[in-house]
Amino acid sequence: MRKLGLACLLAALCMGGGLGGASARADDFSGLASPQFDDVSASITALAANGSAQADAALQALETHHLFSGADGALFIRAGEVCQNARTGEATTCPEEGLKPVRVNNRIRKALAGVQAVRELSAQQPAERIKAAETFYARHDAAFLPALDRALSSEKIPAVREKLMQAHAATVLAQPPAEGAQAARLKAVGFLADVGGLEARGLLAGVAANVGEAPEVRHAAQSAVSRIDWHLRIWSVLQNAFYGLSYGSVLLLAATGLAITFGVMGVINMAHGEMMMIGAYVTWLVQQGIQMTVPALEPFALLIAIPAAFVVCGGLGVVIERCLIRFLYGRPLETLLATWGLSLVLQQVTRSLFGPTNIAVQTPAWLSGSLALGGLDITLNRLAILVFAGLVLGGLMLVLRRTPLGLQMRAVTQNRRMAALMGIRTPKVDALAFGLGAGLAGLAGVAVSQIDNVSPNLGQSYIIDSFMVVVFGGVGNLWGTLAAAMALGMGGKVLEPTIGAVSAKIAILVLVIAYIQRHPRGMFPVRGRGIES
Amino acid sequence: MNAFSCQSARSFKSVIWTAGLVLLAAIVLAVASLLPESSPLHASAFVVSLAGKYLAYAMLALSVDLVWGFAGILTLGHAAFFGLGGYAMGMYLMREIGARGAYGDANLPDFMVFLSWKSLPWYWCGTDHFAWAMMLVLVVPALLAGVFGWLAFRSRVSGVYLSIITQALTYALMLAFFQNGFGFGGNNGLTDFKDILGADLHAPATRAALLVATGIALAASLLAARFIVGSRFGNLLVAVRDSENRTRFLGYRPDQVKLLVWIFSAMLAAVGGALYVTQVGIINPGEFAPANSIESVIWVAVGGRGTLSGAVLGAILVNFGKTLFTAWLPEFWLYGLGLLFICTTLFLPNGIMGLWRPTRKNDPEDITPEVSAPEGEHP
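Chains G and L are the protein sequences, given in the same order.
Per the working numbering, the very first residue in the first sequence carries number 1; after that it's consecutive.
Per the working numbering, the very first residue in the second sequence carries number 1; after that it's consecutive.
Wrong hints could be hidden among the right ones.
Stated by the list, open to error - Here are a few chain L residues that face chain G, going by a calculated C-beta distance under 10 Å: (1) 121; (2) 151; (3) 152; (4) 154; (5) 157; (6) 163; (7) 165; (8) 168; (9) 172; (10) 291; (11) 298; (12) 332; (13) 334; (14) 339; (15) 343; (16) 344.
These aren't lab readings, by the way, just hints derived from the structure by calculation.
No residue lacks a Cβ here, since even glycine has one placed at the ideal position from N, Cα and C.
Put together the whole structure using the sequences plus the hints.
Rendered as structure tokens:
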């Protein structure tokens, strides 16, 4: 049985390879000495089937570039100055001249890899057998069919069996249709349809397009292709949804701080984007500092940067409020101009200090890489930002709902004059609210430093989107901000594949502008009895 | 009302003076540029086009002042109308190049040949006629402003919300014009113009004529704006600015009042943009950048909001400063501009024009009453 299978393997490879003139001395080794790659490849297959110790040694030597051919078809395995006859395994002296290395090209490497995979099929470790099965699945070379059959007949572990059946099905389908093979092919089509993925789709589409195929097989393949397409489409929608969520969470981080200051003080802080930028630079500074002082803490630099960025930006926010904003009370539009001026100054300061080019903020090892979830590819840093945004939102809710400061801020948001009459020191609340907003921007900066270029212009690229989120969501309601951020993030990413990134952005802007016309106070306006200005 | 009539009487005089000065300066510079180069009074082509640029910017500032100073609409997107006017003029100038472009196509502008387009998009039709292009300069921005303003004012979008969506408007336009498929030359915009109405754009005489034309347009706009704010309609505008709800309760329609001045202002900005393109020689999507719109607001704030002449003064002064700064200390221009924003809002709420007449608190004649917070609302 074993001999028969190997003979088939050999025969199939000879047909596939188009072996031209076989050498006169037709033993399994002779092809290796030939200058023709066809002969070498055929010989490799033959040696694999041979299975003797010498054959294995010769193949290994070929792989490691230790196999040499001498005059008259002699083959030597040479290690340094010592030679060994490849056919017999006897140690001999190396010939003085005429010793040429057996050349290896991609085809030979592929043939060797196939031999390797055949060998792995009988490996002890199931993981190695699965790997071999995956190689066959990707190669779906008819030559390996007998080896697969053999492996299938002896395999006990279900997971490995599953992989082997897939490889088998793919290999069966890759062969040209033959008489009486219909049932097997139909089964293979059904199998591949369940496997799914681009590889299976390609094979099935080939079958469906092949006129030589039996009609029912073609039909089955066709429906399998559409089924796989459907699955792929669902996965790609899910993938886009994840991108949308991820972008939405970045927007959420960027916009919450803006929403707080806008809600409490009725002021749009145009320097908010620059606070994010400063947060990102603080991240970089913390990383550099830790690298220089305590390298052991390096993986945690990002975690240390989070409170650092919050404190630095929050402090800066309080200073800005005390030195600038408080002189402009009652003039929200002029505050907007002043903070814009401030943003220009902050950008230029950063440019002077750190240079106009991007700085390299590192991503810690535990945030690199990605997670495969079905057909989804989830990068860890985006996932972390999603979680981080959730935590920040939750923390902010707690602060607003459960602390005296939160109570005072909500009171001032709802009715400033009344709050002042109740003894709340509104200037203090203003300063702290502005500081909190700026601190949140700093947190957003830490997050953004992981997925975007960090340069003095960082803030500019987020500010308009954040504004959109705030006006879309409505003021004084964090749920509104959440809903708006996710709606804008998802909306953009869902539209992107069909109309392109820039058009999607334009469409979103136009939609928001149109929405504001219908709902001038956003999705979740604060309801009150006063006439709105 | 009495207070207001005092104010308008005051601005009558200064606006007429400003209009006269602008016109005089434009004519003097134009004549100086035509003098032989050996003459000590000769003005170089650079100076002439720079002056033309300042005057075009002054038109933009004037249009911003009309809506911000008199109707209380802080627009952060007026560069959108300026840019649209510029593009409409640019289309005409592009068509004037004809077969003299790098690809020598008599019908298609170079960038379309480059994109291997076969025929002109429909919206380019008729742009080879000057009159049609001038109509586009006025009508397209007016239409956009009309639709946008009608929707916004009718649903009472105001204050910061309105500012933000005007900014979104110009940002969306910028993104759109950056796209090659949009049919306006993408990133590079429209440039490499040869002549206007058959006259060589690079000839001193043409440049001088364009400068004078810009001066005339600015002076006329000043007078028109003065006429508007001095009229009964102007009174209504200020009423809307100071208390929209009270005006509404008196039986007026603030949305219509705002819409009218908004559209007029957009057209002024567009004319400024059209004149700007002829003298600067290029229009690209960068003109739509939100930063440009915000900068034009600061010109008005520096000069003095709600004074008309202040807008012109501010635009010219700030841009002159920018020219000097970027030539001598390029890194410091952003510091300068940023501090200008901060200091003007903090220390010069009435701008330079306010210096002439220091305003006291509760001065009934305060020329720039704040957009007052309505009763019971937070500031």
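Right, here's what the structure says about each hint:
The interface hint given for residue 121 of chain L is broken, as the beta carbon of that residue sits about 17 Å from the closest beta carbon of chain G, more than 10 Å. Because the beta carbon of residue 151 of chain L sits about 4 Å from the nearest beta carbon in chain G, less than 10 Å, this interface hint is met. The beta carbon of residue 152 of chain L comes within 6 Å of a beta carbon in chain G, closer than 10 Å, and the hint placing it at the interface holds. For residue 154 of chain L, the suggested interface contact is upheld, since its CB lies about 8 Å from the closest CB of chain G, less than 10 Å.
For the restraint placing residue 157 of chain L at the interface with chain G, the shortest Cβ-Cβ distance is roughly 4 Å, inside the 10 Å limit, so the hint holds. The beta carbon of residue 163 of chain L is positioned within 10 Å of a beta carbon in chain G (closest approach about 7 Å), and the interface hint is therefore held. Interface hint at residue 165 of chain L: satisfied, since its Cβ lies 5 Å from the closest Cβ of chain G, which is below the 10 Å cut-off. Interface hint status for residue 168 of chain L: upheld, as the beta-carbon distance to the closest one in chain G is roughly 5 Å, under 10 Å.
About 4 Å separates the beta-carbon of residue 172 of chain L from the nearest beta-carbon of chain G, less than 10 Å, and the hint is met. For the restraint placing residue 291 of chain L at the interface with chain G, the shortest Cβ-Cβ distance is roughly 8 Å, inside the 10 Å limit, so the hint holds. For residue 298 of chain L, the interface hint holds, since its Cβ comes within 10 Å of a Cβ in chain G; the closest pair sits about 6 Å apart. Nearest Cβ of chain G to the Cβ of residue 332 of chain L: about 8 Å, under the 10 Å cut. The hint holds.
Annotation: residue 334 of chain L was flagged as interfacial toward chain G, and the flag holds, the nearest CB pair being 4 Å apart, inside 10 Å. Satisfaction of the interface hint for residue 339 of chain L is found here, the shortest Cβ-Cβ separation to chain G being roughly 7 Å, below the 10 Å cut-off. For residue 343 of chain L, the interface hint holds, the least distance from its beta-carbon to any beta-carbon of chain G being 8 Å, beneath 10 Å. Against a cut-off of 10 Å between C-beta atoms, the interface hint on residue 344 of chain L holds, since the closest Cβ of chain G lies about 8 Å away.
Violated hints amount to a single one, hint 1; each of the other numbered hints is respected by the structure.
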